[in-house]
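S.K.: Top line first, the protein sequences correspond to chains A and B. Residue 47 is where the first sequence starts when you use our numbering, and the numbers rise one by one after that. Residue 47 is where the second sequence starts when you use our numbering, and the numbers rise one by one after that.
Hint data in this document are derived by calculation from the structure and do not stem from the laboratory. Incorrect hints may have been included.
The following label-pair restraints were derived from C-beta to C-beta distances [unchecked claim]:
| hint | chain 1 | residue 1 | chain 2 | residue 2 | range |
| --- | --- | --- | --- | --- | --- |
| 1 | B | Ser-126 | A | Trp-303 | 40 to 46 angstroms |
| 2 | A | Pro-238 | B | His-112 | 53 to 59 angstroms |
| 3 | A | Lys-210 | B | Asp-241 | 54 to 60 angstroms |
| 4 | B | Lys-118 | A | His-282 | 49 to 55 angstroms |
| 5 | B | Glu-187 | A | Lys-113 | 51 to 57 angstroms |
| 6 | B | Gln-190 | A | Ser-126 | 56 to 62 angstroms |
| 7 | B | Asn-55 | A | Glu-61 | 45 to 51 angstroms |
Built from N, CA and C at the ideal position, the CB exists for glycine as well.
Protein chains: 2
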Amino acid sequence: MMDEIKGLNILRITEEGRHEVEEVVVREFPLTIILNNQELVTLLCSPKDLNYLAIGFLSSEGLIQHKGEIGKISLTDDESVVQVETEGAKGAATELLFRRLITSGGGRGVTSYPAYDVASKGRVESEMRISAGVVFALVEEFQQRSQIYKVTHGVHSAALCDAKDILLFAEDIGRHNAIDKLFGRCILEDIPIGDRLVISSGRISSEIVLKIARRDIPIVISKAAPTDRAVDLAAHLGITLIGFVRGRSMNVYTGGWRVIGD
Amino acid sequence: MMDEIKGLNILRITEEGRHEVEEVVVREFPLTIILNNQELVTLLCSPKDLNYLAIGFLSSEGLIQHKGEIGKISLTDDESVVQVETEGAKGAATELLFRRLITSGGGRGVTSYPAYDVASKGRVESEMRISAGVVFALVEEFQQRSQIYKVTHGVHSAALCDAKDILLFAEDIGRHNAIDKLFGRCILEDIPIGDRLVISSGRISSEIVLKIARRDIPIVISKAAPTDRAVDLAAHLGITLIGFVRGRSMNVYTGGWRVIGD
Numbered sequence: 047m048m049d050e051i052k053g054l055n056i057l058r059i060t061e062e063g064r065h066e067v068e069e070v071v072v073r074e075f076p077l078t079i080i081l082n083n084q085e086l087v088t089l090l091c092s093p094k095d096l097n098y099l100a101i102g103f104l105s106s107e108g109l110i111q112h113k114g115e116i117g118k119i120s121l122t123d124d125e126s127v128v129q130v131e132t133e134g135a136k137g138a139a140t141e142l143l144f145r146r147l148i149t150s151g152g153g154r155g156v157t158s159y160p161a162y163d164v165a166s167k168g169r170v171e172s173e174m175r176i177s178a179g180v181v182f183a184l185v186e187e188f189q190q191r192s193q194i195y196k197v198t199h200g201v202h203s204a205a206l207c208d209a210k211d212i213l214l215f216a217e218d219i220g221r222h223n224a225i226d227k228l229f230g231r232c233i234l235e236d237i238p239i240g241d242r243l244v245i246s247s248g249r250i251s252s253e254i255v256l257k258i259a260r261r262d263i264p265i266v267i268s269k270a271a272p273t274d275r276a277v278d279l280a281a282h283l284g285i286t287l288i289g290f291v292r293g294r295s296m297n298v299y300t301g302g303w304r305v306i307g308d
Numbered sequence: 047m048m049d050e051i052k053g054l055n056i057l058r059i060t061e062e063g064r065h066e067v068e069e070v071v072v073r074e075f076p077l078t079i080i081l082n083n084q085e086l087v088t089l090l091c092s093p094k095d096l097n098y099l100a101i102g103f104l105s106s107e108g109l110i111q112h113k114g115e116i117g118k119i120s121l122t123d124d125e126s127v128v129q130v131e132t133e134g135a136k137g138a139a140t141e142l143l144f145r146r147l148i149t150s151g152g153g154r155g156v157t158s159y160p161a162y163d164v165a166s167k168g169r170v171e172s173e174m175r176i177s178a179g180v181v182f183a184l185v186e187e188f189q190q191r192s193q194i195y196k197v198t199h200g201v202h203s204a205a206l207c208d209a210k211d212i213l214l215f216a217e218d219i220g221r222h223n224a225i226d227k228l229f230g231r232c233i234l235e236d237i238p239i240g241d242r243l244v245i246s247s248g249r250i251s252s253e254i255v256l257k258i259a260r261r262d263i264p265i266v267i268s269k270a271a272p273t274d275r276a277v278d279l280a281a282h283l284g285i286t287l288i289g290f291v292r293g294r295s296m297n298v299y300t301g302g303w304r305v306i307g308d
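In isolation and in its complexed conformation, chain A is listed as follows (with noise of 0.2 angstroms):
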């Protein structure tokens, strides 16, 4: 956790005064993505599970499908670069950057997934399903995991469940790198994705559940609110969206068959 935050000596103002007192910031930090001798591009991140996060990124832009493809990636000793090399198909995958590219654009909240990629993409036809009492314990456990979020309240976190347990978690200043840390990490250990949950801390936006679709996960919950057209994306993917859960209350916005009674 050391590297992910930072002391500073910082002013506080009270009613009782102005006073110099320590305080605990988040890092942010600026890792370059390279895909076979091409820059890629540079996400704002917490310094932590760089190699996890460069394969999630590339794996959610749809430019990595599974470990075989990796032919190498390598991290610079001041971790501010990561490289991959991929085998097979590297035109496509530079057709497909270019692409994406001229479609998205100068950063923060900026779409990457045209709408053809929503036609594209099946319904998750999992039958997985989950007692509502384990979506509240998850939901606790998972809020109890964050080290870092306690300390700063600067970061959000991830975590890849099964129907009882929390399996992964992970935490970064953004709430997509937070998630493309668990599925990196899934390829890169070779750790099986079928009939998991995600929970996240953030909002739930299109871009969220379809970075969800893309792996087939049926189910994403959020203590935190959607947006409508994650909403909308949810129910025409067949996922499960759980938002809002707090305490012992949860509102289910799409495919609430796979919610069970204790």
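Once you have looked at the hints, place chain B on chain A.
M.R.: Just chain B now, with coordinates in the frame of chain A:
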């Protein structure tokens, strides 16, 4: 506000059982910006003040400096596409765009501000000061103003203020978009931004500090946390960065000389 939210019938599960209830979610709307007949970007945003958003985005990207450059701005009937035509240096804009597309990429937390943008930005020299009591009062009023947040918990907000009052207020599902809407409105309506401050509901990352610095705004305030890189940049650029304004307490990370006693 009607267009920015949407009512849905959802399933609420509590210890008392399962009930169908009506719930309101925030809308997520794709806005495509076309600059001089060239498709630039699609932003996922809240469908309000879309002209402000388009101009603010272009200004944040350095593609527009002032109103005089804007030859024409038009929104399609369904509001999904905004076309902007500028006078003058079209070649320069295209070149800038191309460079940014190469260095940025897949969206979500991706930076479009390479390091050399920072080096070329001079310090913000404003002598503006604000009293601690006004900071507390502005943030309290700011939180009261966000109607959509109260209903959906799904949006960010931003405000432009002088050392006494909130002058402009904007909301959007993206924290960057909310700030861009403020500055876009200032350009289109010739509203001066000298000796003004910005309040944001979101975390203060380096990109937010750069967005503020680009307008020579000397003070940025949030009730949320900053990142280490945002603090470093604010110090380097002479900006007062105030975070964690909660009740009658605030953290002043940089530029404390601008915050005076009551």
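S.K.: The structure should be examined with respect to each hint, and the outcome stated for every one.
M.R.: Here's how the hints hold up against the structure:
no.	hint	in the structure
1	B:Ser-126 x A:Trp-303: 40 to 46 angstroms	34 angstroms, violated
2	A:Pro-238 x B:His-112: 53 to 59 angstroms	56 angstroms, holds
3	A:Lys-210 x B:Asp-241: 54 to 60 angstroms	58 angstroms, holds
4	B:Lys-118 x A:His-282: 49 to 55 angstroms	37 angstroms, violated
5	B:Glu-187 x A:Lys-113: 51 to 57 angstroms	53 angstroms, holds
6	B:Gln-190 x A:Ser-126: 56 to 62 angstroms	43 angstroms, violated
7	B:Asn-55 x A:Glu-61: 45 to 51 angstroms	47 angstroms, holds
Going down the numbered hints, you'll see the structure goes against 1, 4 and 6, while the others check out.
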